[in-house]
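In order, the protein sequences belong to chains A and B. Taking numbering that gives the first Met the number 0, I'd label the letters of the first sequence as residues 0 to 476. Taking numbering that gives the first Met the number 0, I'd label the letters of the second sequence as residues 0 to 476.
There may be inaccurate statements among the hints.
What the hints assert, rightly or not - Keeping only pairs whose Cα atoms sit at most 25 Å apart, straight-line, the calculated SDA-like set for lysine to any residue is:
#1 A:K396 x B:L271
#2 A:K89 x B:R467
#3 B:K463 x A:R292
#4 A:K396 x A:T227
#5 B:K396 x A:A202
#6 B:K396 x B:V217
#7 A:K463 x B:V217
Keep in mind the hints are simulated off the structure, nothing from the lab. Keep in mind it's a predicted model, so treat the numbers as computed, not measured.
Number of protein chains: 2
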Amino acid sequence: MAAERPADHAAGPAAGRAAERLVVVGGDAGGMSAASQARRRRDPSDLRITVFERGGHTSYSACGIPYLTGGQVESAEDLIVRTPEEFRSKQDIDARIEHEVVEIDLDRRAVRVRDLAARAERWEGFDQLIVATGAVPRRPRLPGADAQGVYGVQVLDDGIAIRRALDEDAPRRAVVVGGGYIGLEMAEALVHRGLEVSLVDAAPQPMKTLDPDMGALVADALRSVGVTLYLGERLEAFETSGDRVDAVVTEARTLPADLVILGMGVRPNTELAQAAGIETGVTGGIVTDRRMRTRSEGVWAAGDCVETRHLVSGAPVAIALGTHANKQGRVAGVNIGGGYATFPGVVGTAVSKICHVEVARTGLNEAEAEAAGFETHSVVVESTTRAGYYPGAVPMKTKLIVEQRSGRLLGAQIVGEEGAAKRIDGLAIALWNRMTVEQMTGLDLGYAPPFSPVWDPVLIAARKAAERVESAMHTNP
Amino acid sequence: MAAERPADHAAGPAAGRAAERLVVVGGDAGGMSAASQARRRRDPSDLRITVFERGGHTSYSACGIPYLTGGQVESAEDLIVRTPEEFRSKQDIDARIEHEVVEIDLDRRAVRVRDLAARAERWEGFDQLIVATGAVPRRPRLPGADAQGVYGVQVLDDGIAIRRALDEDAPRRAVVVGGGYIGLEMAEALVHRGLEVSLVDAAPQPMKTLDPDMGALVADALRSVGVTLYLGERLEAFETSGDRVDAVVTEARTLPADLVILGMGVRPNTELAQAAGIETGVTGGIVTDRRMRTRSEGVWAAGDCVETRHLVSGAPVAIALGTHANKQGRVAGVNIGGGYATFPGVVGTAVSKICHVEVARTGLNEAEAEAAGFETHSVVVESTTRAGYYPGAVPMKTKLIVEQRSGRLLGAQIVGEEGAAKRIDGLAIALWNRMTVEQMTGLDLGYAPPFSPVWDPVLIAARKAAERVESAMHTNP
Numbered sequence: 000m001a002a003e004r005p006a007d008h009a010a011g012p013a014a015g016r017a018a019e020r021l022v023v024v025g026g027d028a029g030g031m032s033a034a035s036q037a038r039r040r041r042d043p044s045d046l047r048i049t050v051f052e053r054g055g056h057t058s059y060s061a062c063g064i065p066y067l068t069g070g071q072v073e074s075a076e077d078l079i080v081r082t083p084e085e086f087r088s089k090q091d092i093d094a095r096i097e098h099e100v101v102e103i104d105l106d107r108r109a110v111r112v113r114d115l116a117a118r119a120e121r122w123e124g125f126d127q128l129i130v131a132t133g134a135v136p137r138r139p140r141l142p143g144a145d146a147q148g149v150y151g152v153q154v155l156d157d158g159i160a161i162r163r164a165l166d167e168d169a170p171r172r173a174v175v176v177g178g179g180y181i182g183l184e185m186a187e188a189l190v191h192r193g194l195e196v197s198l199v200d201a202a203p204q205p206m207k208t209l210d211p212d213m214g215a216l217v218a219d220a221l222r223s224v225g226v227t228l229y230l231g232e233r234l235e236a237f238e239t240s241g242d243r244v245d246a247v248v249t250e251a252r253t254l255p256a257d258l259v260i261l262g263m264g265v266r267p268n269t270e271l272a273q274a275a276g277i278e279t280g281v282t283g284g285i286v287t288d289r290r291m292r293t294r295s296e297g298v299w300a301a302g303d304c305v306e307t308r309h310l311v312s313g314a315p316v317a318i319a320l321g322t323h324a325n326k327q328g329r330v331a332g333v334n335i336g337g338g339y340a341t342f343p344g345v346v347g348t349a350v351s352k353i354c355h356v357e358v359a360r361t362g363l364n365e366a367e368a369e370a371a372g373f374e375t376h377s378v379v380v381e382s383t384t385r386a387g388y389y390p391g392a393v394p395m396k397t398k399l400i401v402e403q404r405s406g407r408l409l410g411a412q413i414v415g416e417e418g419a420a421k422r423i424d425g426l427a428i429a430l431w432n433r434m435t436v437e438q439m440t441g442l443d444l445g446y447a448p449p450f451s452p453v454w455d456p457v458l459i460a461a462r463k464a465a466e467r468v469e470s471a472m473h474t475n476p
Numbered sequence: 000m001a002a003e004r005p006a007d008h009a010a011g012p013a014a015g016r017a018a019e020r021l022v023v024v025g026g027d028a029g030g031m032s033a034a035s036q037a038r039r040r041r042d043p044s045d046l047r048i049t050v051f052e053r054g055g056h057t058s059y060s061a062c063g064i065p066y067l068t069g070g071q072v073e074s075a076e077d078l079i080v081r082t083p084e085e086f087r088s089k090q091d092i093d094a095r096i097e098h099e100v101v102e103i104d105l106d107r108r109a110v111r112v113r114d115l116a117a118r119a120e121r122w123e124g125f126d127q128l129i130v131a132t133g134a135v136p137r138r139p140r141l142p143g144a145d146a147q148g149v150y151g152v153q154v155l156d157d158g159i160a161i162r163r164a165l166d167e168d169a170p171r172r173a174v175v176v177g178g179g180y181i182g183l184e185m186a187e188a189l190v191h192r193g194l195e196v197s198l199v200d201a202a203p204q205p206m207k208t209l210d211p212d213m214g215a216l217v218a219d220a221l222r223s224v225g226v227t228l229y230l231g232e233r234l235e236a237f238e239t240s241g242d243r244v245d246a247v248v249t250e251a252r253t254l255p256a257d258l259v260i261l262g263m264g265v266r267p268n269t270e271l272a273q274a275a276g277i278e279t280g281v282t283g284g285i286v287t288d289r290r291m292r293t294r295s296e297g298v299w300a301a302g303d304c305v306e307t308r309h310l311v312s313g314a315p316v317a318i319a320l321g322t323h324a325n326k327q328g329r330v331a332g333v334n335i336g337g338g339y340a341t342f343p344g345v346v347g348t349a350v351s352k353i354c355h356v357e358v359a360r361t362g363l364n365e366a367e368a369e370a371a372g373f374e375t376h377s378v379v380v381e382s383t384t385r386a387g388y389y390p391g392a393v394p395m396k397t398k399l400i401v402e403q404r405s406g407r408l409l410g411a412q413i414v415g416e417e418g419a420a421k422r423i424d425g426l427a428i429a430l431w432n433r434m435t436v437e438q439m440t441g442l443d444l445g446y447a448p449p450f451s452p453v454w455d456p457v458l459i460a461a462r463k464a465a466e467r468v469e470s471a472m473h474t475n476p
């Protein structure tokens, strides 16, 4: 099939010159942020924007899927930020759902698009292209992994399917495979819905992005709400009955299951880009510069499909998170729009809530710091979220990981109850600015009894870490 | 009366040399933090520590007084961090309450101390001295200002007296004079106790540390909980009946009152230091270097009685706040203890909660920025504390004040509901590090639906401010 310019693209140029054609592959956070920003800076007579999304929705909150599952969010529509119709009518962005781009031809400057409903294909030409193909859930290559009743959690359609299964099939027993953020949030959601929930992970702790001591607190919280943990157990198979999943088999036991959630993480979805010769990096994500340009002329990328830089370790990382996708999309869109914006990288901040327990982390954990070649001190402090005497003061633990000699903050972790987790922001900004813990002891943070003890937990931790650095200097000069 | 070394100070030196004598004037946050830190680094055979406190308590949370008043805190004891007995037994710090230092003689290296219970005076020698005399409430020089039923809010004994008046006298009508943090928190507390509450302020808005637009939101919140505001009305007198207050008279009206709270701010309590020749600055506070040394040899100062530097305006300021007092005390104590610590200054961060409304500010407001010579842009954004679809998402407004050309963040203000105010910390840390709003748009803040929209309000505000700076550059090159 040859690339040919569709007839409607021949529509007249606004001012004697044909409008530039921007094609966006993927209509969620990264792609739609880019499209919106580009549109804000260039009007339709100057830039035509076409978005192809293979799923049934544009611009939704994938991070809201656990709450759709748990019932805190009523309907999938609540998670949709903007529909294709709204993009069309409000921003003159031609967003087409159920259209899958199956090939990118950089020489011809065209993409081959499959209209999934009409079962038809055509070529669509572009002058500039944004690849925003997101991520795909890791699925184990094991018997039964594709059986009915086994769900990945990535796109909104996954959330809708899980919610429907809960509402219609009334499953009793669920097994969550994988103890990362999504796995844990889904475990909470299923407990919330009254299911008997087990969680299986080959690692000895849930939430491997935390150090073991902090991860253990998360394990305790999960157990306290009734999740049964099978840690350090490798997954071996899924038993099925007909084409439905029946049980999850680990190296140690068989867990009957009416519903299985895969929370084994995601990987950048870059087969399409790779096939086109767009460069990907060691993480499998697309390589971009800080303006979100790929190494291919006129091709941009944003969101879960890209590789970015960790500003503490300096290493390339692929972190699938809506907030990064939105920022990267905005940056690509500003630049395509003729402005100037950069995405400098990430420091690995993440927060999550599992029932009454809030969890947060930023920077490097101990193992990551060691792998990056840092020698570290760690301190953990226990405190409360508010003044101890103020109603609603609840416990929280704050851990800091600090470079030995310099005292520079390298990472932080928080596990606590309501009001604990968002304190990670201050730590992330301190980290971003390469502050030492000694410098941090002077920080002017908000204090009033309903919000903080007179020494904010962040300051207590900084002070203790600074003392640790100082005393180590005296003992190991 | 001549300075003479008391007999008990002649007690034997530990290692052939007499222990150094540290005297601390004032036994609350600044003084006791300093004493504790000095003790941690130097044991009693090397450093004797004596603290004189004229009130009846050491080391308590003055910021908790509104909650003691409102009843959220049961008893005054809940606000006490450490009693004199505990200081004595656990840290070998001789803390004497109801002992008022009435004179400091720097030549003789001694303080004259009045034992208020015994009505006796003596001189106590020192080698090093810490002045931590705190602040005193501003009282209007008006008839009746010292009548019974008129309360300042500064020391714990004030809080105990107010609580007793509420519990025993069952007042019905209260007038709060002054719309600063303490005034507003006390107004809330009195509403909470069922009183009819009026608030009088000569300024046209409550909370003058906010810009008028943000202050208006606080005024709305106060009215919504039933506080009657009389703004822009100057106080003229207090009417009394016998020696009890009866009414508050403004230039416009007479407000009957069974109870009057003065929330007109505080000033550094430095008469004692000034009389001794210890240098004070333009704010009336004691001048120190960043190690908290005064200009007088061997004399340190910490807490509400000192003047510090505003790191954005560069101007000297006196800000009475427990968190600064604790930090400054710690710094003085570390240095007296032979270590090295500095207090670099403040950025003017403050948070407060008035009923359901949270208020926060940091840096300079518009008027302060103008006074400091900055040309500014301001942006205000409305958003929610959590993802819009997540239960408990409530509105918040975030205002940023930004230097025009550089885009440097100069100040921020937040007014919103639960979960809004502590976001000021991230802004304060960004400000501390002299970040521009453009740099801030890249910050890696914690995102998950229970904690934030996918664009955190801080990021939305930064983005909008960055766009404002950019567009002004294009229109005013």
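Checklist entry - Which of the listed hints are not met by the structure? => result As far as the earlier hints go, 1, 5, 7 are violated by this structure, in ascending order.
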